[in-house]
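Colleague: Sequence:
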Amino acid sequence: MGKVPAMGRKEDKEKRQPNPQKTLSTSVDVDAKLQQAISLYQIGQLQQAEQICQQILKDFPQHANAIHLLGVIAYQVDLFMGAPVVGLTDTSKLVHRSSSVILSPLGLGEWVAKTKDEYVEIVCNWVRNLEELTELRQELRDRVLAQTVKFVPQVEIAYREMWRRWCRGGRIITYLYKVSGKILYLD
Numbered sequence: 188m189g190k191v192p193a194m195g196r197k198e199d200k201e202k203r204q205p206n207p208q209k210t211l212s213t214s215v216d217v218d219a220k221l222q223q224a225i226s227l228y229q230i231g232q233l234q235q236a237e238q239i240c241q242q243i244l245k246d247f248p249q250h251a252n253a254i255h256l257l258g259v260i261a262y263q264v265d266l267f268m269g270a271p272v273v274g275l276t277d278t279s280k281l282v283h284r285s286s287s288v289i290l291s292p293l294g295l296g297e298w299v300a301k302t303k304d305e306y307v308e309i310v311c312n313w314v315r316n317l318e319e320l321t322e323l324r325q326e327l328r329d330r331v332l333a334q335t336v337k338f339v340p341q342v343e344i345a346y347r348e349m350w351r352r353w354c355r356g357g358r359i360i361t362y363l364y365k366v367s368g369k370i371l372y373l374d
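Counting in this note's numbering, the sequence shown runs from 188 upward without gaps.
Possibly wrong hints are sitting among the right ones.
DEER-style ranges, computed between Cβ atoms [claimed, not checked]: (1) ASP216 - CYS311: 22 to 30 Å; (2) THR321 - ARG347: 24 to 32 Å; (3) GLY258 - ASP218: 13 to 21 Å; (4) LEU320 - ARG347: 32 to 40 Å; (5) ASP265 - TRP350: 39 to 47 Å; (6) MET268 - GLN223: 39 to 47 Å; (7) HIS255 - GLU326: 23 to 31 Å; (8) GLY357 - PHE267: 28 to 36 Å.
Computed cross-link-like contacts, DSS-like style, restricted to lysine-lysine with a CA-CA straight-line distance of at most 30 Å [unchecked claim]: (9) LYS220 - LYS301; (10) LYS245 - LYS220; (11) LYS301 - LYS337.
In case anyone wonders, no lab produced these hints; they're calculated from the structure.
This structure is a prediction, so every number in the text was calculated from the model and none was measured.
Heads up, the beta-carbon is just placed ideally off N, CA and C, and yes, glycines get one too.
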């Protein structure tokens, strides 16, 4: 059997670059499509929101906001279907804290690991407690629905603030979280 060549730096760099034959011709088009995806997400049209994000990523493979929205959709779908997700929070990277933001309001803070060893420990603990896991899975959908009603307006506020900052020439804020009833924005 022949050896499969590894992807080199050139191919990797090309993969990250926007598609030259892109269908979304300008950043305005991409922004409009992303806003459409967000609007669809907000009204619960997750499949349509996901399709738009995939279209954006086809043309702009490293589009952070489209990637983030896809992650949020995937988390929400899994939780809604009764499949709790173990999160790994890397305190050095803000984007890795999303699992804590999503799971903690659902009463699943214990599902967020701070280290890889803790991650494995959480998974093993739940595998040993299948009866309790079954109970959690049965009530998870109701928890998600209750929190969605509270969380969506907070996300809307965050997106508006990101847009305002961008219009003023500032950096777009890529992360938010709630502490003591207040939303904090981090650059």
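Colleague: A separate judgement is required for each hint: does it hold in the structure or not?
Modeller: Cross-check of the supplied hints:
no. : hint                        : verdict
1   : ASP216 - CYS311: 22 to 30 Å : violated (47 Å)
2   : THR321 - ARG347: 24 to 32 Å : violated (40 Å)
3   : GLY258 - ASP218: 13 to 21 Å : holds (19 Å)
4   : LEU320 - ARG347: 32 to 40 Å : holds (38 Å)
5   : ASP265 - TRP350: 39 to 47 Å : violated (28 Å)
6   : MET268 - GLN223: 39 to 47 Å : violated (25 Å)
7   : HIS255 - GLU326: 23 to 31 Å : holds (27 Å)
8   : GLY357 - PHE267: 28 to 36 Å : holds (34 Å)
9   : LYS220 - LYS301             : violated (35 Å)
10  : LYS245 - LYS220             : holds (13 Å)
11  : LYS301 - LYS337             : holds (26 Å)
Figure legend: structure checked against the earlier numbered hints; hints not met, in rising order: 1, 2, 5, 6 and 9.
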